[in-house]
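*Asks:* Assembling the complex is the task here: the two chains are given apart, and the hints tell you how they should meet.
Note that the protein sequences, when read in sequence, are chains A and X. The opening position of the first sequence corresponds to residue 1 in the numbering used here, with each subsequent residue numbered one higher. The opening position of the second sequence corresponds to residue 1001 in the numbering used here, with each subsequent residue numbered one higher.
No wet-lab data here; the hints were simulated from the structure. Some clues are possibly wrong.
[Said to hold, decoys possible] With the Cβ distance kept under 8 Å, some of the chain X side facing chain A (calculated, not the full set):
{"no.": "1", "residue": "Y1181"}
{"no.": "2", "residue": "A1270"}
{"no.": "3", "residue": "S1271"}
{"no.": "4", "residue": "G1272"}
{"no.": "5", "residue": "S1280"}
{"no.": "6", "residue": "S1289"}
{"no.": "7", "residue": "D1290"}
{"no.": "8", "residue": "P1296"}
{"no.": "9", "residue": "N1300"}
{"no.": "10", "residue": "F1312"}
{"no.": "11", "residue": "G1313"}
All residues carry an ideal CB built from backbone N, CA and C; glycine is no exception.
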Amino acid sequence: MTRASRALLAAAALFATLPLAAQQQDGRLTGRVAGVGAGAPVEGASLSIEGSALVARSDSLGRFVLSGVSPGPQVLIVRRVGYVPTRLTFTMPGAGALTLDVTLAVNALQLEQLIVTADRSGRARGELGTASVIDRDAIANQIASSLQGVLELLPGVPLSPPGLDGPAQFSLRALATSTAAGAGAVSGPGAADITAQGTLIVLDGVPLSNNANLQTVGTRGEVVPPASTAGGGVDLRRIPAAALERVEVIRGVPSARWGDLTQGAIIVDTRAVAVAPEFAARFDPRTSEGNVVGGRSLASGAHLLTLTTNLAQTAAPRSLSSAATLRGAAQLAHRWQRGSAPDGRLAPDGRSALPRLTMDSRLDWYRLRFDAPERLDIEAGRISFQDDHGLRLSHRSRLALDGSTVELTLSYDGQTQFTREARRLTRPTTPFTDRLTEGRTIGTFVEGPYSAEYTLRGAPRMLYSRLEWDRSPVAAEGRLRVAQTRAGIELRHESNTGAGYDFAIDRPPQTGTFNGVRGYDRPRRFDTAATLVTSAAYADTRLLYSAGGMVAELQPGLRLSVLHDGDSWASGSRSAMLEPRVNAQVAPRNWLRLRAGAGSVSKLPTIAQLSPDRQFFDVVNVNRFTPDPRERLAVVTTFIRDPRNPDLGLARGSKRELGFELDGGAKYGALSVTWFDDRIRGAVTLRREASTLPRDRYALADTALGSGQPGRIVEPPLFSEPVPIFLDRFVNGGRLDNRGVEVVASFPTIPSLRTRLEVGGATVETLFGSDELDLGGAARLAEFQVDTQIVRVPYFASATTRSKRTIVTWRLVHHQPELGLVITGTLQQRLGEERQTLSRNDSLSFLGYVTREGELVPVPEAARTAPEFADLRSARGDARNSISRVADDWLLSLQVAKSVLGAGRLSFYVFNTFDRFVTFTAAAARTAPSTRFGVELTLPTAGLWGSR
Amino acid sequence: MSQTRPDRARHCGLLALALTLTACVTGDITQVTRSEQPVDTTGTPGGGLARGSITLQVELDPIDLATAATVGLTRTGLTVTLIREGTAEPPRTAVTDAQGVVRFSSLLQGRYAASITRALSPAEQALLPPADRDATLFAGGVSIFLSAGANESRQLALVAARRGSIIISELFNGNAGPVNYGLGDYVEFYNNGDTTVYLDGLLFARSGVGGYHTGVVGSNTCAERAHLRTDATHFWAIQAWTFPGSGRDFPVPPGQARVLAMDALDHATASGQPYYADLSRAHFEQYMSDADTDNPVAANMVNSYIGGTGIFGRGYTFNNNVSLTLALPMSVSTAPRGTYPGLNEQTAYLGIPVDRVLDVFSYGTPPSFLEAFPHLPRPCAEWINPVFDRGHFNDHRTENRVAIRRRGLGRTPDGREILQRTRNSGRDIETASGMLLRSLARPPQ
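In isolation and in its complexed conformation, chain X is listed as follows (with noise of 0.2 Å):
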């Protein structure tokens, strides 16, 4: 259904097989938490803070010691940055010992997150073998609490950056809030690779929401579903949308993106709210009955594996806590079915085999604000298996409306801009400071 050019099949293939590595590794799951806001209170029964210590191991990711090896990084001399979260103190940064090693002293108690960026220079990009160079920087992340006065020691593991092809890079949900307005969603895929992708035939999925695959606690137990949300094998998912087109009808240039809207028109105008986007020229929208508006302007998503039609017959939002992920074209009809003890027939989750997966793209509520509601389900501890996704971006807030998007990375010598993609979205995703500037809202180059 889909044609591929040559090259991005072989970074899908490479990518494939290193994700697949990558199941086999049991390493701390880095993720950044930026909300909670520890107050400083510490004392002890002599008087004065009691201050603590954080020690942390770096090691390379198995599957990127070849990688490391042949631009001749090592453990040691990394430059480690120690942030106290919700606090204006200034970072700590340290570097590592022969061994890796690096300590921080004299901390006081708070959530602290532990980060590494090594970026590789173009001439040391040059020494990678071809099919390689989209690993961009060596990147990792951890998130520790420190209690008063203790000493705390982690491994800090560090993954090549790669770039990918096309890749998830923007996303809007906002909640429906006082106008009861919750038709705005949209999600922004962009090019990150330097060849045209063709998006015809590629499937888009969400794993579920309230509990289902990735998240929250709703009536079911986390536990009752581990073996989907966890598993290494395949992305299981309750909706899955698949890209209109017969193979070569909708191109994605490098450096650009493309916008699928839940509903292809102006929301700012439908809402009365200027905090929504003008969808009315996105590239593709969900229709899903005829309590829908069509708009010819945009290629209608084939609804794949969808069961419903989302809110009154309009589509689905692209709910909190989630992850979605983009996937190489697939059968939906012989996929594998998931399901758990009394799971309805109806709504089992559609297996996409982790070997088709072009990128996921994970997202939550803080936990600061699920502290304030405790009568709200609760995120599972594990959210999704680390061959997929190492960490997840946890500060999305549907209240506030504000889209939440890719970092960028840098920019190619013509100016095409490249985004970070870690494979962990708790360090690859950041609030947005506007709306779809890589796509419609883009100026004209």
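Chain A extracted, bound-state conformation (with noise of 0.2 Å):
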């Protein structure tokens, strides 16, 4: 908060320091816009700057007039019925006008200034920190099956052929490894560790939330699913690239809007405008996907209606597993608009009044099932399957009053998550017992193969409401102008109402796990589990300074986040945090942009860290097992201990970044670089804390071999002895930095050969530590925790990874409009990955020491080398310093795209057209995936829905 704090009073400085005296000049634009080939006018387009609130329409001769454009690099978007939407990139100059037409097509193929990658110069609607918009054109160009393979286009982000494999889960600015992290032990951050730490994903102003989604047993036991997002990020697969209209990814520091997050946020509009119907289809050896979507405007207008559907099924490899995962997703968007706004605005489309009274209904249907068969030829027995779906009912009224607006978003989203896994176990030959509260039993004992199966049955359930104030005032004058203000709040309200965790319970999907201590897992329900409750305040305020050609701009924001300690938004503050975020903006010439932000950020702890399951440790008291089954006798002791942490609460993280634009336009190019440096502080992690507990021993009693009885236990035991145990329990002790460059540039274009070169790439390095102490690696824990002889076990400090890694996007893009032909080179480089550890691990590098008792026992440094410390004095194998490199490596895919039948559409993709599948360096390996060919068809089927 202090270096935010700093931040915004820098950012004040720098605002205070512009030359006042300057002249506003906003610019006026004015041009023609006229259809493709002959050059008709057209009439009843609407043209609207991106980013502002600044609307027009085109007249009967195609000529249009805007007033008021901020000076510097703009984007003007054009849109009208029954062409396609066109995104023109310009650069106002400070002073006078600017004349530019614009061209219209059916194809977005055939419009010159398509733009098939990430938009540098987007603008994020209310937004002022580094963002990357990804508008229709980019995302129908792009071979995607989910939102996960539409956010390829942005810097740093490795590439993968469209399909619906493993869960999607998306991270901004971090680098995952492929080990997920644990406590004490040296591994991580995980994919899931990453994202839980926060990329916000908001679909149509409402929050998409994964933080109730219970659908994983961990680590325990041998029977865990092959992948799941429970404790991570959204899973993307549930939103196809197909419904997507827009997407803007605030890399950058957010503004005080958005909450829950770290990492930034990705906002994300589906498809509601009237478009005229179309068919597309995807085929690849592995993936077939449909769509449909249709929009319709009914009754003068006063009516939208928008239909998307979606089909896909993606096929594992046949030689792995018989494998499928099919999505289905839908989306039904409704817009009702009624009145004009008192003030005289024009609405969005630049065609009528702002309507007085907008609502937009949406509801938005999605199915994700993941059936893997039991194959015998691999292994007898396994059986995946998970089967989740969802229904989110939205709706956003927004109600135009006298130069402001007011919202309400209401969102009930409702899903139901099914696991079924199965797996044949072996166990060895051990007492058990089925007990499931404390205290001690007359055990049996099991052994043999089984069919271990359970099944997860969740219900995440988030409720979700905003009510938000907006004053943009479109006409406002004067060199330093309030140019947006908003202020707002928001209520969330989740929990899991599933049945649960369930399994037969002498039938475990773990065997290996138990040791005499640590117990078997007992079935849970997940409707006990805490429900998530919060809100949240914010407001935040856009100034506009101009003066001659320089434009500056400032968004400073206070945003207060709060997680109750009960049911409901009434009770009180479990964790809170007040949030200040602050963006400038300055633009001392039309081609050169400086940008800066820095914010505090909060992300909050999951439901199933905040109601972790029980443990229990089944405590071995006898164990004689005899040849003859009616002789053998087993006495357990069953212990509960609740790892909940009454403390755990928010994670908190800074940000801060720093940026240059320099725009050229088409003859020079442009580039664009970001330096960012992320800290997240408190993260939730696992604290591994030693306790013991009694085991005791008893004297048996008839015990003869041959009588066919079990023996006895003499009470009272003969000795009690203590056994250490460790519980896993969440605290806010992680820590998670990220930092590096982005840096996107587009050469000029070569207009005789119609072909440009964009490059983006970004470095990362990620640093992910923990605060709490090292006990050790589970298996040595568990050697000390049977092993009597072992009277003590060192502990560490934690170690940190550092993970770094470059990655560099090339894209060349030919196009040639009059023939309706894009054809995509897309190159991506990975360089300079590695991975290192750091921690001390010499044999003086322990701190102290676990006994058996479970005490903590501190040595101090000098004193590590007497000699009663010898045992202690061991090499720390699981955390060398070594660091593990991967060679470089690059991927190269190819994709044509051809205008058909009008505003249709023909691709055909290669992904890796190389097939560089694998690169091998010393201990360390990468795999890509390998050569995918495929081909898409988007067909117009305006005679199926009309063309308006």
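*Replies:* Written as structure tokens, this is what we have:
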């Protein structure tokens, strides 16, 4: 917060130094809208400036005038039913007018100004932080099955073929490793660890949340799902690429409007416009996908109805499994508009007055089904099945007042998640109890193979509401003006009402973890888990100063995020954070833009972290296993420990970024560079706590072999010995630092070749560590637990892992508008990939030791060489300071798109053309998906729906 | 701690002397490689197949010269058998000349195993002094890879095989496999001598795996541990168990065997797989922790030098690529510890002096298997010093889940089986056709 405050002051100071005497010179943009080919004027096209409220409409000669356009790089958006929407980037001079003629086409591929990559000059609405905007044209040109594939257009994101393989979690500006983080051990951060730290996904104004996802049994046992996003980020497979209208990715510091994030926000708008119906299908050897999209305006424009449906299937390689992932998705959007704004503002379509009341209702359904049936030739008895579906109902009412707007958003998101896993296990002969309460039991012995099967039935629910007041004056004048002021409150309620984790107690989904102390799992209901109740209030403003050719903008804001300690918003605060944020931007020349941002952010813990399952300890007192089953005797004492942490609260992050943009247009190219430094403190991580349990030892009586009777224990116990136990508790003890540089450059277009080159890349370094102690790996602690000869084990400071990677993506786009042909070659380089564990691992690195009574006894460094600590002076095997590097590599993908049948499109693509599959470097390896060929066809089906 | 009968002690003393002497000898490590299957595709530029030759010089092991002289055995007139491995070609034989040389010619490229087995007749054995009468045969072997058209020369050392007394006779180490069960391992000990032996207090030890002692390069190089692995004065063990008992609790009469189980229970039932043995009547078991079951029928081994509790606290498997040893009672606490740079103090090796070693049993993965998995660690070239064992059995495939055992040499007039012990595991061990046929599965007599 201190850093953010400093940044805020610095930005304000920067603002104050601007020449106040300069004259305000808002520009006037004029031009003509014409159709491609003959150049007939297009009447009734709406023209708007992205990121502003300016709108205009073309007249019968296609002419238009837009007044008050801010100087600097801008994006003009032109829409007309029957034509594809057009985006045009231009630079508004500081003084005077600019004339810009616009060409509209039926097919986006015929547009001269087609943008098929993320638009570096795009503006996220209401945001000043660094953003990438991916508009419909780029989405349509990107071969993607879901939002995940669309996000590959961002700098530094690895490419993958389209499909539904595995959970699609996305994290901005952070590097995941292949192993997840655990308590004590040197590992992680895995994809879930990174995404759990918070990239916010907002779908049509409502956040998507994965906080109530409990579909995992963690790493306990041998039967775990092949993949689950529980504990991590939202599975982006639920959002088909076909449903997307626009994606704004706020890579920098988001405005105070957005919470529950530490790494930026992805704002997704689905298609809710009048769009001529189209059908699209894609096939490659493993994935088939079909979409139907259509939108129609009804009752003279008062109602607008848009329907998007998607069906997709990805099959796993047959040699590995018979698994298939099936997705169905549908979005129904309805808009109803009534009246006109009291201040006479125009609507964003530029054709009519802004309605007094706009009501948007959306129904969003998805189903994601993963089915891996048994394959006898691979593993008998192994079955994996997941079936998740969800229905989200959201409603947004926007009321135009005099000079401002009030917006109310309400949403209910109900999901049903089902997981069934089965595997044949063989358990060693072991004493066993199915006891569900604490106490001593005469147990049984279990052994032999069995089918271990469990189900997880989760039902995450989220209620969400936002009330926001927004004043964005259009015609304000003066050198310094307030461009926008917002204030709002947000309420969220998340829970999971699922039946939970269920299995036959005597056939648990784990065998090997039992060691005479740690118990097997017991079934658990989810609906007894905690609810996650949060509220937030925020306010921000956007100030604009212009003088001469210079424009400066400042967006300071403040957000209060509260995690409540009860089931309702009336309950007290469990954890709260005040989050100041500021972004500033100065354009001293119309080809130069400087940007800086800083702010505090916070991320909620998940329900799984707030309500972890109870841990059972089954301490074996007697295990006499005679050849005659009738003579056997097992005595087991069950203990239950609760790992909940009442102090668990928000993870806190601070974000800083600094960047510049040079924009010389198509003639000189453009360059955008951004440095970022994100530091998350108090990230939710596991603390391994040591304690002890008593193991009573008994004398046995009547144990003669051949008696046919089990012996019996003689009370009282002969003696009791301590057994150390370890309980993993979620705490705010993690650290995650991400820093790096993002570069996006557009080289000047070569007109004769009709080709341009764009390059986007990012170098990211991620440091992941914990403030908790490292008591040692699970195997060593298990030994300590059962081996009474080990009287103590050393503990250490936690290690930090450092990962580094550079990804550079070169996109060569050859475009022939008159042919409607776009050829895209994408070369991605992966450079400097390395991973290092930073820790002290000499024989004196131990900080102290854990006794069998579960006590932590520190040993001062000076005393560690003493003879009595010889047993503790062992090298720390799992925390070597070595760097593992993977050799640099690249892969190339090609895509050819051609306009067909008017608005239709036929694409052919080859992913990883040269099948660069695996890179080995010493002990490290990197695999890339192998070559995939595919074809995609989009057909206009106007006759089925009507053209308006 | 242990009481041994005088005759056994004498055997062992002589054996130890013999082993010590052998340490001074530098000869070929004899081994038999069975698994490579070279394909005969050799051709010469002029057409046809290039043929080569193998010349063998048979030498008597210096420590056995006196024994050989007593029975009148020289290096002349011995029958050498040559087998081209991996083929169905009939074995070739030839007889050594006056210099002990034999030559095989017109040989195609491939791996060849040359061996001599010269059994001593009862009359010849009778010529030996009583303490040396457990020498039952002279044997030797060598493995040679012959390139196309090459002429190879090798020495073939001939050593006297001695029966010893209590020896390691069978082992089962089956990997976890599809049922994820790896707990059915056992080792069998056989009394190959003529008098009852007591197991009480004997030490059973295991050299390392993963590049520790005998075997495989892991993160450490072979050179790093060579001073331990090839030491002639000590067998360096990473684990050692002591047989329980106070002296005369666990006798093994001649011709009988005892079984040490990882877990003494019926593993066919526990695993659901018929290829695991019923060890519920095993004589000894590892008992490591309360994660284990305790069978009162099987005596629990004393964990003398373990450093852990094994797989899920249930004891250790008898992993591949190691050597096992059986040693006379000794003080573990005062025995030397072996280290190398960077070794964790906790995992130092236990030094078992060569004069305490009764028997060594070495076994490992087939070279062909390793060739198929190039990412796996490779065994070190020097496996163990020849003073302990002159060659390891390298056809132990854990995935086959079959036992390996010491070959039978013959039977005494009263029907007792005598097992082959030429101090060369490569030739003394074979893949077993059944399990525990000399002990738990032995038909009643």
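*Asks:* Now tell me if each hint is right for this structure.
*Replies:* Results of checking the hints against the structure:
For the restraint placing Y1181 (chain X) at the interface with chain A, the shortest Cβ-Cβ distance is roughly 4 Å, inside the 8 Å limit, so the hint holds. Residue-level restraint check for A1270 (chain X) holds (minimum Cβ-Cβ distance to chain A is 4 Å; threshold 8 Å). Residue-level restraint check for S1271 (chain X) holds (minimum Cβ-Cβ distance to chain A is 5 Å; threshold 8 Å). Because the closest C-beta pair between G1272 (chain X) and chain A is about 4 Å apart, less than 8 Å, the hint holds.
Checking S1280 (chain X) against chain A: minimum C-beta separation of about 4 Å stays under 8 Å; hint holds. Satisfaction of the interface hint for S1289 (chain X) is found here, the shortest Cβ-Cβ separation to chain A being roughly 3 Å, below the 8 Å cut-off. The beta carbon of D1290 (chain X) comes within 3 Å of a beta carbon in chain A, closer than 8 Å, and the hint placing it at the interface holds. The beta carbon of P1296 (chain X) comes within 6 Å of a beta carbon in chain A, closer than 8 Å, and the hint placing it at the interface holds.
Because the closest C-beta pair between N1300 (chain X) and chain A is about 12 Å apart, greater than 8 Å, the hint is violated. For the restraint placing F1312 (chain X) at the interface with chain A, the shortest Cβ-Cβ distance is roughly 5 Å, inside the 8 Å limit, so the hint holds. Hint status for G1313 (chain X) relative to chain A: holds, with the closest Cβ pair at about 4 Å, below 8 Å.
In this structure, the one hint that does not hold is number 9.
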